[in-house]
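Respectively, the protein sequence lines represent chains A and B.
Going letter by letter, the first sequence gives residues 1 to 306 in this note's numbering.
Going letter by letter, the second sequence gives residues 1 to 549 in this note's numbering.
Warning: the hint list may mix true and false statements.
Stated by the list, open to error - In silico DSBU-like pairs for lysine-lysine, Cα to Cα no more than 35 angstroms straight-line: (1) A:64 - B:526; (2) B:528 - A:80; (3) A:53 - B:228; (4) A:80 - B:269; (5) B:377 - B:471; (6) A:80 - B:303; (7) B:471 - B:228; (8) B:450 - B:175; (9) B:526 - A:80; (10) A:80 - B:327; (11) B:278 - B:303; (12) A:53 - B:377; (13) B:278 - B:161; (14) B:303 - A:64; (15) B:269 - A:64; (16) A:242 - B:172; (17) A:178 - B:303; (18) A:242 - B:526; (19) B:278 - A:242; (20) B:303 - B:377; (21) B:327 - B:463; (22) A:242 - B:528; (23) A:242 - B:327; (24) B:225 - B:423; (25) B:278 - B:450; (26) A:64 - B:175; (27) B:463 - B:172; (28) B:269 - B:351; (29) A:53 - B:450; (30) A:80 - A:178; (31) B:351 - B:93; (32) B:471 - A:242; (33) B:162 - B:340.
Stated by the list, open to error - One-sided excerpt, in silico: chain B residues whose CB lies under 8 angstroms from chain A: (34) 114; (35) 117; (36) 144; (37) 148; (38) 298; (39) 379; (40) 497.
The hints are simulated quantities; they were obtained by calculation from the structure and are not laboratory data.
The C-beta atom is built at its ideal place from N, Cα and C for all residues, glycine as well.
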Amino acid sequence: MNKPAFGRFLIKDLVGNRYLYIMMLPVLAYYLIFHYAPMYGVLIAFKDYSPMKGILGSPWVDFKHFETFFNSYYFLRVLKNTLLISVYSLLFEFPAPIILALLINEVRSRSYKRVVQSITYMPYFISMIVIAGLIRDFTDSGGVLNSIYMYFGGDGTSMLQNEGLFRPIYILSEIWQKAGWESIIYLAALAGIDQGQYEAARIDGAGRLKQIWHITLPGLMPTIVILFILRMGNLLNVGFEKIILLYNPVIYETADVISSFVYRKGLLEFNWSYSTAVGLFNSVINLTLLILANWISKRVTNSSLW
Amino acid sequence: MKVQSGKFTIRYTASAIAIMMLVAILSACSGSNGNETNKGTASQPSPASSNNAAPAGEASYPLQTTDTLTYWAEYNSSKSTIGEVPFFQEWQKRTGVPLRFISPPSGQSTDSLNIMLASGDLPDLIEYDWFNFPGGPEKAIADGYILRLNDYIDQFAPNLKKYLAEHPEVDKMIKTDNGSYYTFPFLRGDPMLQVYQGPIIRQDWLTELGLEVPETIAEWHDMLKAFKEKKGAEAPLSYMFSPEFLNNGAFIGAFGASRTWFQQDGVVKYGPMEPGYKEFLSTFRQWRTEGLLDKNIANVDGKALDANMTNNLTGASVLNSGNGIGKWTPLLQEKNPNAKLVGAPYPVLNKGEVAMLGQKDPIYTTGTNVAITSKAKNVELAVRMLDWGYSEEGHMYFNFGQEGVSYTLDSNNQPIYTDLLLKNSEGLSPSQAMTLYIRANYGGPFVQDKRYITQYLALPEQKAALEQWTKTNVSDHKLPQITPTPEEASELAQIMNDVNTLVDEMTLKIILGNEPVDAYDSYMAKLKSLGIDRVIEIQQAALDRYNSR
């Protein structure tokens, strides 16, 4: 397209749709002010930031904070733990809401369906502190889960003192907490599938499993792919809240992740630059993974974010 | 795909994102903010006019002023805001200085302060543990958060100045190596106030089993065994394995080691590197195998401990006289009128020895000290207001509250707390009620009075426990309040973060049997590679500087 033509087109479009553009302005401003302007603060990852000197006034230190992080004795361990917890949640927690949505979708009674839905997404609204308190009570010696575990060879000590059990506890509680809530989006997608297809399938003699396999799942696929790609973009962001509420030094080996490590180190020591450097590192990795996942998905499934 | 693109902008770890945004947003408009503050300062009327005539002399309270000071503090009481607490209302009246309070959510003072400092928008006064400010108090001054108070104390704080002149040892504590004063300190006015924590045992069980209060580690072992076998205690010994309790050295001290730093004849030592630490680990490991130590030891918190104790699962612990003996005794006696607790001496290896370590706060207890920020509009007023706490009237007010309300004077002119505090009709416990009317149980800018503790400790067992717990040599071994230089401090923090992770992990893993006792030696090798020798060097230099202050 040659330039003058595009310019004329633009002006015409701006004038013609001026009200639409005006309506868009607040949204644009929102993104500029709250999502793009703060990026300027990323500078402090390369500085020894002191609020009294301001972002520009603080001295440059190049990659000092990154080096400190990478050279830390525990860097590889926290990186490994973060990745493992993320990957395990991707494997086990990510499919859970899909399965739940499929199950709920097959339920015929409307009221039963509603009750099940409400019950399953309730845990999502419980505060993390309470959740962690419940988990600790259940897994301590004498707790419900601990007693069950003893049947399978547990020795009755707190399960949170066993480094091998931390990841299962974390992932299972994650499923319990989030599966119901996350299934909502899949249920919405399911509602959009043309009922005529099911009718046609039934006439062709497809059973319920066949229907799920050939109609429901393909219908859900674009949603699943999009959510999966988004998940990839969060791979290094294992929230520190739940971790620091559950872990203790005995299980650092498996439980200490980047964010909890940074919390102990950066935040409690008022080291803003360091936390930002780690945050920036996470973001770069996350963005790379996201682009990669998107690219692969575009090749393989033809659905992608952009 | 607008929504998603928003998600991608930049996602930090949960912690970093909040701070980043805040930093950036606030700094974007910090230019104008800064100017406003300056303008404000310029147009402020000059301070308490009545004092201008004789700035160095005594001020007459209440001060005359039109200024309001902003005061940031964490203060947990039964009222929802600090402003509603009667103590603070009356404090403003007595000093004549109106205050506007800002307080962080309970238990989040460090996080909140962190964010507030990052914003650069500071109140006039901040009550915080400035001694433990990351990088040290000198850094807080150098970074421009708080003021060096030397000149101001000299001119406007006659009461504090007088106290420090009379107590040169305290004067040495509250300064940095450079001689800078940085806060209005909370000071313990008597050795009795410095000790409040130690081993606690079920006296009624001892009596029933015909046992004496144990002194040595061997006696402790036998006692715990008896508790387990004859009293059915599932967790005979249970206490919080947190730095607070480990660092105070119960049990560890018996082996000539410590979880933290200590000194021996002027030489700095790192406890976990002492050979005794390995012995401590193997002893506790043994106790755990025998079922004498709480199975959940890594997770024990206050709530779990209360439950263990009151359900007769635990017969011995380590806790404070107030929230240990004072809190458990009535709870235990509800079910069993014979239940009784006793404070035991800090255990030693051989009979007749005196424990090397024990809990003992320094006179200058660093938790609740008030600093004046660099943004303070009227420094003289702030100094005079804080100095009141060290005057005679202020001393009585901070420790005992208002005469006729929270205390009365007896025939010997001694203050006696009223029922409002000790037997509150609204059902508040003495410590809850005290928090509303006095600060003797919370700390603050004043000198704590012995007559508070003698009345607060209601049970004779509590007083007896204090006597047992003070019998240690901790004063010879505890490091004084040394201050590394800001550069050293950041190096130290860097190394110590990994060191603490390593030591915490090693301690619990060996005790819980996740690793053999001999793993200790490989941990020591790792400790060396983390640079522990450099930290010892820094600490030693800081101690030497302290001793030559």
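Structure-based check of each hint:
1. A:64 - B:526: Judged against 35 angstroms, a Cα distance of about 23 angstroms means the pair holds.
2. B:528 - A:80: It holds: about 24 angstroms lies between the C-alpha atoms, which stays within 35 angstroms.
3. A:53 - B:228: 61 angstroms, violated
4. A:80 - B:269: Holds - the C-alpha atoms of residue 269 of chain B and residue 80 of chain A are around 34 angstroms apart, at most 35 angstroms.
5. B:377 - B:471: 48 angstroms, violated
6. A:80 - B:303: Holds, at about 33 angstroms.
7. B:471 - B:228: Holds, at roughly 28 angstroms.
8. B:450 - B:175: 24 angstroms, holds
9. B:526 - A:80: 20 angstroms, holds
10. A:80 - B:327: Measuring from Cα to Cα gives roughly 44 angstroms; hence the hint is violated.
11. B:278 - B:303: Between residue 278 of chain B and residue 303 of chain B the Cα gap is close to 30 angstroms, so the pair holds against 35 angstroms.
12. A:53 - B:377: Given that 35 angstroms is the threshold and the Cα spacing comes to 19 angstroms, the pair holds.
13. B:278 - B:161: 47 angstroms, violated
14. B:303 - A:64: Violated, at about 42 angstroms.
15. B:269 - A:64: Holds: residue 269 of chain B and residue 64 of chain A sit about 30 angstroms apart, inside 35 angstroms.
16. A:242 - B:172: Roughly 43 angstroms between the alpha carbons, so the hint for residue 242 of chain A and residue 172 of chain B is violated.
17. A:178 - B:303: 28 angstroms, holds
18. A:242 - B:526: 29 angstroms, holds
19. B:278 - A:242: 33 angstroms, holds
20. B:303 - B:377: With Cα atoms ~44 angstroms apart, residue 303 of chain B and residue 377 of chain B exceed 35 angstroms; violated.
21. B:327 - B:463: Holds, at about 14 angstroms.
22. A:242 - B:528: 32 angstroms, holds
23. A:242 - B:327: 31 angstroms, holds
24. B:225 - B:423: Violated, at roughly 40 angstroms.
25. B:278 - B:450: 39 angstroms, violated
26. A:64 - B:175: 32 angstroms, holds
27. B:463 - B:172: Roughly 30 angstroms separates the two Cα atoms, so the pair holds.
28. B:269 - B:351: 25 angstroms, holds
29. A:53 - B:450: 44 angstroms, violated
30. A:80 - A:178: Measuring from Cα to Cα gives roughly 24 angstroms; hence the hint holds.
31. B:351 - B:93: Since the Cα atoms of residue 351 of chain B and residue 93 of chain B sit roughly 56 angstroms apart, the hinted pair is violated (cutoff 35 angstroms).
32. B:471 - A:242: Distance of about 42 angstroms is beyond 35 angstroms: violated.
33. B:162 - B:340: Roughly 45 angstroms separates the two Cα atoms, so the pair is violated.
34. 114: 5 angstroms, holds
35. 117: OK, holds: residue 117 of chain B within 8 angstroms of chain A, min 6 angstroms.
36. 144: At 4 angstroms from the nearest chain A Cβ, residue 144 of chain B passes the 8 angstroms test, so the hint holds.
37. 148: 14 angstroms, violated
38. 298: Because about 4 angstroms separates residue 298 of chain B from the closest Cβ in chain A, which is inside the 8 angstroms limit, the hint holds.
39. 379: Check failed: Cβ of residue 379 of chain B comes no nearer than 17 angstroms to chain A, outside 8 angstroms.
40. 497: Residue 497 of chain B check passes; min Cβ-Cβ to chain A is 5 angstroms, inside 8 angstroms.
Consistency with the previously given hints fails for numbers 3, 5, 10, 13, 14, 16, 20, 24, 25, 29, 31, 32, 33, 37 and 39, ordered from lowest to highest.
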